[in-house]
Amino acid sequence: MGPHPAVAAIRLAVRRVLHDILTEHHGATGHADVPDAALPHLTMHAGPPAPPRPPASARPAAPPLVLVACSGGADSMALASALAFEAPRLGVRAGGITVDHGLQAGSDLRAEEVVVRLRALGLDPVESTAVTVGREGGPEAAARDARYDALDAAAERHGATAVLLGHTRDDQAETVLLGLARGSGIRSLSGMAAVSGAGGRYRRPFLHLDRQTARKACMAQSLPVWDDPHNTDPAYTRSRLRHEGLPALEKALGKGVVEALARTAQLSRDDADALDGWARQAEAGVRDASGLLECSKLFALPPAVRRRILRRAAIEAGAPAGSLFARHIEEMDKLITGWRGQGAINLPGKVVAQRQGGRLVIRRG
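At position 326 of the sequence shown the residue is numbered 367 (my numbering), and the sequence of numbers has no breaks.
Since the hints were made in silico from the structure, they are not lab data.
Careful: at least some of the hints might be erroneous.
[Said to hold, decoys possible] Pairs of lysine to aspartate or glutamate, EDC-like flavour, derived with a Cα cap of 20 Å:
| # | residue 1 | residue 2 |
| --- | --- | --- |
| 1 | 292 | 251 |
| 2 | 391 | 357 |
| 3 | 391 | 371 |
| 4 | 375 | 324 |
| 5 | 257 | 268 |
| 6 | 296 | 251 |
| 7 | 391 | 374 |
| 8 | 338 | 324 |
| 9 | 257 | 269 |
| 10 | 338 | 374 |
| 11 | 296 | 268 |
| 12 | 296 | 285 |
| 13 | 257 | 324 |
This one's a predicted model, so the numbers in the text were calculated from it and none came from an experiment.
Using the sequences and the hints, build the whole thing.
Here it is, written out as structure tokens:
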């Protein structure tokens, strides 16, 4: 008898991602996927000498290390269990990391409990790392930034090829609705990417699985899970959306809203990627010899392309991407399309954009 359907589903999702990681790893190192046991070794018995051991450059590369980011919740515990099951079968090293945000009493003890659970699954290395959560961008954004900084540091410290994240299709739907509420354009509607981060470090195997599948997989394997009280705290926007907003949408529109929003994310991502590529190609042609943006050439571009160039320029000048909203880009765009002699535009990060002599100058004020 095979595993529970939910367990089979999470394992298949992780297996596919690990196959992708292995393919990329061996392509980057130039090594074939050959186990070390297949290499000739010297023997102690008498007889003809064994063939020489291949030079290091011809030997298989060390197996990649994949970490799972685990909070102890159902989604990430299901992900950790699937990684622990699949990794050794594919010749991948598997470890885990949990981040202690320090936002709740006893969070350090819960982090240590997660470490114990991950080690019990057979993951190694496993560690807990504490972070200090700032205030910029609000509590949710600040916690997210601190968490990713810690995960990046852990991946560098251990030489990990990838870090797996347990975001589900439900999380994707919530992200799309949050982007819609911000009114930040098609990129905001594209949700979370299956592969993101520097060098494709972050992988999200569960974006096509719902939250209940992960929870059922934990129940079927008798895995203890921790339900973060912040996930039901109405003080947090995502919590209100999860427990009030989405249920109201499903009541009004019927079942299938989550799946439709997830499809919207993928379609929006495809469109946004294409437009971003167009903007990158067009940018060189709208700069003068000194690198300044020429307003007349920007004016000739389609708005979707022009605004992408403006956004990239603002970020390069020092504006934090997470604080740069559609209204900021619209005000910059008016310096191109609605020039009436208006003054400089103040952007996040103390960046200023102003029109000077037919050029758009964007710099720190």
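Structure-inconsistent hints, enumerated in ascending order = Of the numbered hints given earlier, those the structure breaks are 11, 13, listed in rising order.
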